[in-house]
Amino acid sequence: MSAYVKNLKKSFGSLDVLEDISFELPDSSIVSILGPSGCGKTTILNIVSGIFKADSGSLDGFEHKRFSYCFQEPRLLGWLNAEENLRFALSSLMHSRKDSRDIELRMERFLGESGLLEFREYRPNQLSGGMQKRLALARAFAFPSDILLLDEAFSAVDLKQKIELMQAFLRLWIDEKPSVVIVTHDIHDALFLADKVVVLSQRPARITGTLNIDIPHEKRIFTSSELSKYEIQLYRLLGFDHAGNSAQPYQANALGESKDSR
Amino acid sequence: MPRSNNAKLPPLLWRLVGVAVFLAVWQCAALFVKSALILPKPLQVVSALSQLLTTTSFWLSVAGSFLRVLEAFFLSMLIGLVSGAMSGFYPQVKAFMSPFITVVRATPVLALILLAMFWFPSSQVPVFSAILMAFPIMHTSTESGIHAADQKLVQMSNLFHVSKSTIFWRLRVPSALPYLLSGAKNALGLSWKVIVAGEVLSQPRMALGTGMQDARLTLETQSVFAWAITTILLCGLSEYCFGLLANRLSDRFQALPREDKGRGGQ
Numbered sequence: 049m050s051a052y053v054k055n056l057k058k059s060f061g062s063l064d065v066l067e068d069i070s071f072e073l074p075d076s077s078i079v080s081i082l083g084p085s086g087c088g089k090t091t092i093l094n095i096v097s098g099i100f101k102a103d104s105g106s107l108d109g110f111e112h113k114r115f116s117y118c119f120q121e122p123r124l125l126g127w128l129n130a131e132e133n134l135r136f137a138l139s140s141l142m143h144s145r146k147d148s149r150d151i152e153l154r155m156e157r158f159l160g161e162s163g164l165l166e167f168r169e170y171r172p173n174q175l176s177g178g179m180q181k182r183l184a185l186a187r188a189f190a191f192p193s194d195i196l197l198l199d200e201a202f203s204a205v206d207l208k209q210k211i212e213l214m215q216a217f218l219r220l221w222i223d224e225k226p227s228v229v230i231v232t233h234d235i236h237d238a239l240f241l242a243d244k245v246v247v248l249s250q251r252p253a254r255i256t257g258t259l260n261i262d263i264p265h266e267k268r269i270f271t272s273s274e275l276s277k278y279e280i281q282l283y284r285l286l287g288f289d290h291a292g293n294s295a296q297p298y299q300a301n302a303l304g305e306s307k308d309s310r
Numbered sequence: 071m072p073r074s075n076n077a078k079l080p081p082l083l084w085r086l087v088g089v090a091v092f093l094a095v096w097q098c099a100a101l102f103v104k105s106a107l108i109l110p111k112p113l114q115v116v117s118a119l120s121q122l123l124t125t126t127s128f129w130l131s132v133a134g135s136f137l138r139v140l141e142a143f144f145l146s147m148l149i150g151l152v153s154g155a156m157s158g159f160y161p162q163v164k165a166f167m168s169p170f171i172t173v174v175r176a177t178p179v180l181a182l183i184l185l186a187m188f189w190f191p192s193s194q195v196p197v198f199s200a201i202l203m204a205f206p207i208m209h210t211s212t213e214s215g216i217h218a219a220d221q222k223l224v225q226m227s228n229l230f231h232v233s234k235s236t237i238f239w240r241l242r243v244p245s246a247l248p249y250l251l252s253g254a255k256n257a258l259g260l261s262w263k264v265i266v267a268g269e270v271l272s273q274p275r276m277a278l279g280t281g282m283q284d285a286r287l288t289l290e291t292q293s294v295f296a297w298a299i300t301t302i303l304l305c306g307l308s309e310y311c312f313g314l315l316a317n318r319l320s321d322r323f324q325a326l327p328r329e330d331k332g333r334g335g336q
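First to last, the sequence lines map onto chains A and B. So for the first sequence, the numbering used here puts the first residue at 49; every next one is plus one. So for the second sequence, the numbering used here puts the first residue at 71; every next one is plus one.
It is worth saying that the hints were derived from the structure and are not from the lab. The beta-carbon is built from N, C-alpha and C at its ideal position, and this holds for glycine as well. Do not take every clue at face value.
Said to hold, decoys possible - Using C-beta positions, here's what the derived DEER-type ranges look like:
(1) A/152 / B/221: 26 to 32 angstroms
(2) B/137 / A/140: 41 to 47 angstroms
(3) A/264 / B/160: 54 to 60 angstroms
(4) A/76 / B/243: 35 to 41 angstroms
(5) A/109 / B/163: 40 to 46 angstroms
Said to hold, decoys possible - Derived DSBU-like pairs: lysine-lysine, alpha-carbon spacing no greater than 35 angstroms straight-line:
(6) B/255 / A/101
(7) B/255 / B/164
(8) A/244 / A/225
(9) B/263 / A/54
(10) A/277 / A/208
(11) A/225 / A/267
(12) A/146 / B/164
(13) B/164 / A/113
(14) A/54 / A/101
(15) A/101 / B/222
(16) B/263 / A/113
(17) A/225 / A/113
(18) A/101 / B/234
(19) A/225 / A/54
(20) B/255 / B/234
(21) A/225 / B/222
(22) B/164 / B/234
(23) A/113 / A/267
(24) B/222 / A/146
(25) B/222 / A/244
(26) A/54 / B/255
(27) A/244 / A/277
(28) B/234 / A/225
(29) B/222 / A/57
(30) A/244 / A/54
(31) A/57 / B/234
(32) B/104 / B/263
(33) A/244 / A/267
(34) A/208 / B/222
(35) A/101 / A/225
Bound-form chain B, shown alone (with noise of 0.2 angstroms):
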């Protein structure tokens, strides 16, 4: 099929059609509702969000709710990372893992937050509840990672003496490392969910999920739309912002084809 320059351009025509069709919706839905309290519409809730946008106490429970995402997503991909290297590489740590693992997999999200709050002080319940949502995705991840590397590629380093700590380095690590990467991307965006739930039940100071909680019980209901716009931008931001990162480690480390260089030889 001959591909034209503005190939791209259409995908970006069809989301925008794709974001304009669900304004409609939403504001049709809104008209045929009556009722600002029940569902706001579009320019109400973008109203209510210019206001927010103004006040120190949101950009405080930005800073809030984000540093708790950051706190539990590097917390969550450490653990996840040595227990899933070690159960990777012993299947005793597996076996001994496993149980923990599936418990902790299916477990609701609410009711390990609601546990948490009789353990922790409420900044830092949300936090506690995303690692132990979010480092299963990276444990599991890891272990597949560590199987990643190509048996016939390790057989030609063992072949050549090739030290272990190179073949790590250089065979066993770049092969883990899309499993490390989509792992990591998953576990995230859940902390970002894990934490502002969490911020809803156990009301820390400086959240999004507090703002979101105080707004619903003001009845503030395009308020509430407000601050759950911004956590899915925030989330959505940080996933692209890794997405950047995870792309440049990936060049360096993964054979993606590479057009620009174009082919040698025949």
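This is chain A alone, in the form it adopts within the complex (with noise of 0.2 angstroms):
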């Protein structure tokens, strides 16, 4: 069953920051929101998670769904290594030793999937920022969830890491599909990862159109031609034209995209 996320409204005091968001998160999808850095992207992901209340506007199809979350930043407990830490958000569900047994192996799994297994009683200040990065992608994939929040997961880490990562995450999230939003601001992280790009314009943030990607994930790879006939369309929906410019604000309809319905 589809999650739905309806008119979404929100501003901080005078600052609008959301204005009438709305998107579909059909089950077991990658859906992205892609827009320019500092347009609200994770304010979303805050009002989806419960973390804010929106001004007006509704999610349906949420309730009682497990979350999990990689936040902007690592989020991680200095005084804990990199082991303690995915324990302490896993708290919650040992109850049992035999549930204790279970969570140790799934960290080990994540820890290593990661490519964190040798460091892994190592303290974040011991670990780069890239680490401290993974570390805290591979705490949100250890929890499990029925929605998985990403903002920005993949940045702050080089190309080939980059690569490796997202390759990990499609691998973990075939085992497992839960629904995903990705938030990025990186066209290539939307296009490899996602089944749907919904763009958003700059703040306030409204959709400026969405855009399916129907490669299965099976067969995507970071270089293929077929995706860049949909960064193409991505490009326009940001608000450039072919050239790299930037051109009039771009109108869904004419180039066959449909605006996400209200």
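Two chains, two separate frames, one set of hints: put the complex together.
Quick look at the structure:
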């Protein structure tokens, strides 16, 4: 069953951040929210996860769902090592000795997937920025969830790591298929990962268009020419013409893309 | 700036120079005053101290004062932790406590000691005064420590449904620890000063302050100095020992930069 975000509005004091944001999050799909930095993408995740309340609008189908969240900053406990940080976040799941054993195995798997197994006893300040990010990502994956929220999860790592991490992410996602909302300002992250890209304007954020990417995840490679067709469309939705110059505000319907239904 | 291996030596050297200059100034002043009654020479104080060290009553006084300091320190820690935590968590308690804390902080320590002499036996006057002076420090530190946890980490913990007790022990306590330790260290130092001041006035048996006061009454200025130096050394020593303990705790609970293991990765 899909979940729906409907007509969200949010302002902080006199600062209007979100203006009429609506999109559908189909079950077990990956929706990417793409927009310029500072346009209010994180606010959408914070509203969806219940950290903030929207001024108006509604969330349907998010009730009783278990969320996991990879925040924009790593948000690690500095006095716990990598493994203890994961154990802290997963502590609510350890009810019995068997649970604990399962959780330990799960932690080991996700530390391994994020390439941190040999750094399991390192504290955050002994890890590089990219490794901290990977640890935060491992934590978000390791926490079993119906809806996984990722806020710029793949930024702040170098390109090689980013691709490896995205591939690891897709492997894990194919295993458990949670619904995922990925917030990013990077077109390539959105193209490589998302089933659907929701494009936002500058603040106050409105949806300028959505783009469905109909390539199965198993067949996506970072440099595929198929993806580049979508890339051009995304640039247009972001308000750039072919030459990369800023164009007139984009009319979504003119290119055959539908504006998200309200 | 290049750092040499003996980068730690100069501060030590300067410290020794500081001590030497201080002693020289003292010696010069004593020579100028020409009266051991008003200002004894450093060597006279040293000999008075070495004489004191051989008497049983000196060691009993050290033990007596030390026990009083411990008693005052632990009780003020306990009261300050509980009251500080309560007013950190509940704004009502904070508002209720604040006039009392303000009054206690503004009360001159000697006025408090003189009043306490009406209410308590002489051996407990210093302890009571020290508790009353030291616990507001612990109270305020604890109150600040309660609010020290990074709200973003609290948000993260709530999102992952981490239990309240786990958040308390693994997030709130470690975040509050630097505040608690610095509060406790200040409370310890203050306890020593107030205890000895209280002893001077209330004259309990077996007390550094009593020894100091007796020396004053018999006009043995060098002994007053010797008792005072003993107090300073004991206060410094206990603060140093507390510092060692505090460092171990911080190391366990805080993200101190540890260069020895090196950074992993890139």
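Hints, one by one, checked against the model:
no. : hint                              : result
1   : A/152 / B/221: 26 to 32 angstroms : 30 angstroms, holds
2   : B/137 / A/140: 41 to 47 angstroms : 46 angstroms, holds
3   : A/264 / B/160: 54 to 60 angstroms : 56 angstroms, holds
4   : A/76 / B/243: 35 to 41 angstroms  : 40 angstroms, holds
5   : A/109 / B/163: 40 to 46 angstroms : 43 angstroms, holds
6   : B/255 / A/101                     : 43 angstroms, violated
7   : B/255 / B/164                     : 23 angstroms, holds
8   : A/244 / A/225                     : 15 angstroms, holds
9   : B/263 / A/54                      : 66 angstroms, violated
10  : A/277 / A/208                     : 23 angstroms, holds
11  : A/225 / A/267                     : 17 angstroms, holds
12  : A/146 / B/164                     : 44 angstroms, violated
13  : B/164 / A/113                     : 38 angstroms, violated
14  : A/54 / A/101                      : 13 angstroms, holds
15  : A/101 / B/222                     : 17 angstroms, holds
16  : B/263 / A/113                     : 59 angstroms, violated
17  : A/225 / A/113                     : 14 angstroms, holds
18  : A/101 / B/234                     : 23 angstroms, holds
19  : A/225 / A/54                      : 23 angstroms, holds
20  : B/255 / B/234                     : 29 angstroms, holds
21  : A/225 / B/222                     : 28 angstroms, holds
22  : B/164 / B/234                     : 22 angstroms, holds
23  : A/113 / A/267                     : 30 angstroms, holds
24  : B/222 / A/146                     : 31 angstroms, holds
25  : B/222 / A/244                     : 29 angstroms, holds
26  : A/54 / B/255                      : 55 angstroms, violated
27  : A/244 / A/277                     : 15 angstroms, holds
28  : B/234 / A/225                     : 30 angstroms, holds
29  : B/222 / A/57                      : 23 angstroms, holds
30  : A/244 / A/54                      : 17 angstroms, holds
31  : A/57 / B/234                      : 32 angstroms, holds
32  : B/104 / B/263                     : 30 angstroms, holds
33  : A/244 / A/267                     : 16 angstroms, holds
34  : A/208 / B/222                     : 30 angstroms, holds
35  : A/101 / A/225                     : 27 angstroms, holds
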